[in-house]
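> Chains B and L are the protein sequences, given in the same order.
Position 154 of the first sequence, counting from 1, maps to 154 under the working numbering, and the rest follow consecutively.
Position 163 of the second sequence, counting from 1, maps to 163 under the working numbering, and the rest follow consecutively.
Keep in mind that the hints were calculated from the coordinates and are not lab data.
Zero decoy hints are in this set.
Below, a list of computed lysine-lysine pairs in the DSS-like style, where the Cα atoms sit at most 30 angstroms apart:
1) L:K85 with B:K152
2) B:K85 with B:K152
3) L:K152 with B:K152
4) L:K36 with B:K36
5) L:K152 with B:K132
6) B:K132 with B:K152
7) L:K132 with B:K152
8) L:K152 with B:K85
Looking from chain B toward chain L, a few residues come up when the C-beta cut is under 7 angstroms (computed):
9) A115
10) K152
11) R155
12) V156
13) S159
14) H162
15) G163
16) I164
17) L167
18) S187
19) L188
20) Y192
21) L194
22) L196
23) Q198
Everything numeric in this text was worked out from a predicted model, so none of it was measured.
In this text, a Cβ means the ideal position worked out from N, Cα and C, and glycines have one as well.
Number of protein chains: 2
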Amino acid sequence: MARRYDHSRDQLLEMALDASRTLVLENGVRALTVRKVAGEMGYAVGTIYNLFANLDDLILHVNGATLDALYDTLSDVPLTADADKDVRALSAAYIDFTITHLNLWNALFEHSLPAGEDLPDWYHEKITRLLKLVETALAPIFNGQNPTELEKAARVLWSSLHGICSLATVNKLDIVTAAPALDLTDSLITNYLLGLSQTVSK
Amino acid sequence: MARRYDHSRDQLLEMALDASRTLVLENGVRALTVRKVAGEMGYAVGTIYNLFANLDDLILHVNGATLDALYDTLSDVPLTADADKDVRALSAAYIDFTITHLNLWNALFEHSLPAGEDLPDWYHEKITRLLKLVETALAPIFNGQNPTELEKAARVLWSSLHGICSLATVNKLDIVTAAPALDLTDSLITNYLLGLSQTVSK
DNA sequence: CTATTATATGATCAACGTTCAATAAGACCT
DNA sequence: AGGTCTTATTGAACGTTGATCATATAATAG
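Whenever a hint applies, use it, and build me the whole structure from the sequences.
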């Protein structure tokens, strides 16, 4: 097997992902080219296509790695069974992640698959895992009842969080008076949880 | 002035935008190429660069037109000074818009400017205008007090709405049990407004 | 040592964004 | 009318991109 340098397939995958993540982190998804990745690895273009189906597939794996990193970050947040406090802590960690990994995080949403293609199962699983974290933090509010509503609330919080950070970071929220993301998520959490505690307890 | 066909600059702009919007609507931003737009118009490639600085600028104007269309849609929603009802109506209209203009709406967020470039003022103004609509619907809750909080609440609602629709449409929310966007926004509005009414009235 | 198999290569292709000298057609003046 | 100026329009040309695949090469098996 013509390995010019002794790298196993797994090593090659790791090298390609590392190079790609660095490129995206430093210059955004737009800067990610097959040629640059190959060059960085010291391999030829064709080798990349040996590892990934195409550029979309490569980006998908970059995004997968970002979801993993996000999971690692969020699962390090200690939970106290105080829903309000815990959700706030998760939110803070999330916001911090979007700042320190800005371009990688943006890539999660700037990239979309060609029409007709769906996200693979392994990708969905990484998302489910993240949602589960929010569910766990949120659970105390529901007293073990109404798991469907718990699921829904977790999704609402998760996507709202995403929305706020998304529009805030690109300044598409037109934040003139410098109300940073944290200010908005605080309002979201405070009031949404307050509302939840009302509708649940009845 | 060598106009091969008698089209004023404004007409050319409109033709280019129309062609671009159609391309995006039918096949997503990825399908938008300068060559296709020019071909559709019956003009040469160079003419496009006569109208727009570059492809990014063209997409920015496509997105501007989408924001205008969204504004038209939302400002047609009749308001009743019942915040809960009105916000819900706006939200429903918003969701409907994301469905009927899916690819155009996605383009708003899939596209980002090259590093270092900022969104122009006219673009920000289109966003402000939309936020003002939400503020108006939300105003009754605040009894004319605390305009800062009103502004904040509008932004929270707006970006959360965006987040939910964004993750729902690409199925990045991992919605297995078919909880569509409307279900989530309902939960968001119900509970967030309920929470707001508590924190405000005290 | 040979045959087989797996891997790595990079020239090659079509398509893209962008540029710009050349061109053509209006306007303007005499 | 004729000549000049100005300006819109052109499209060939350039560099770069994603993707392909016949070819070359190295490890393994017989």
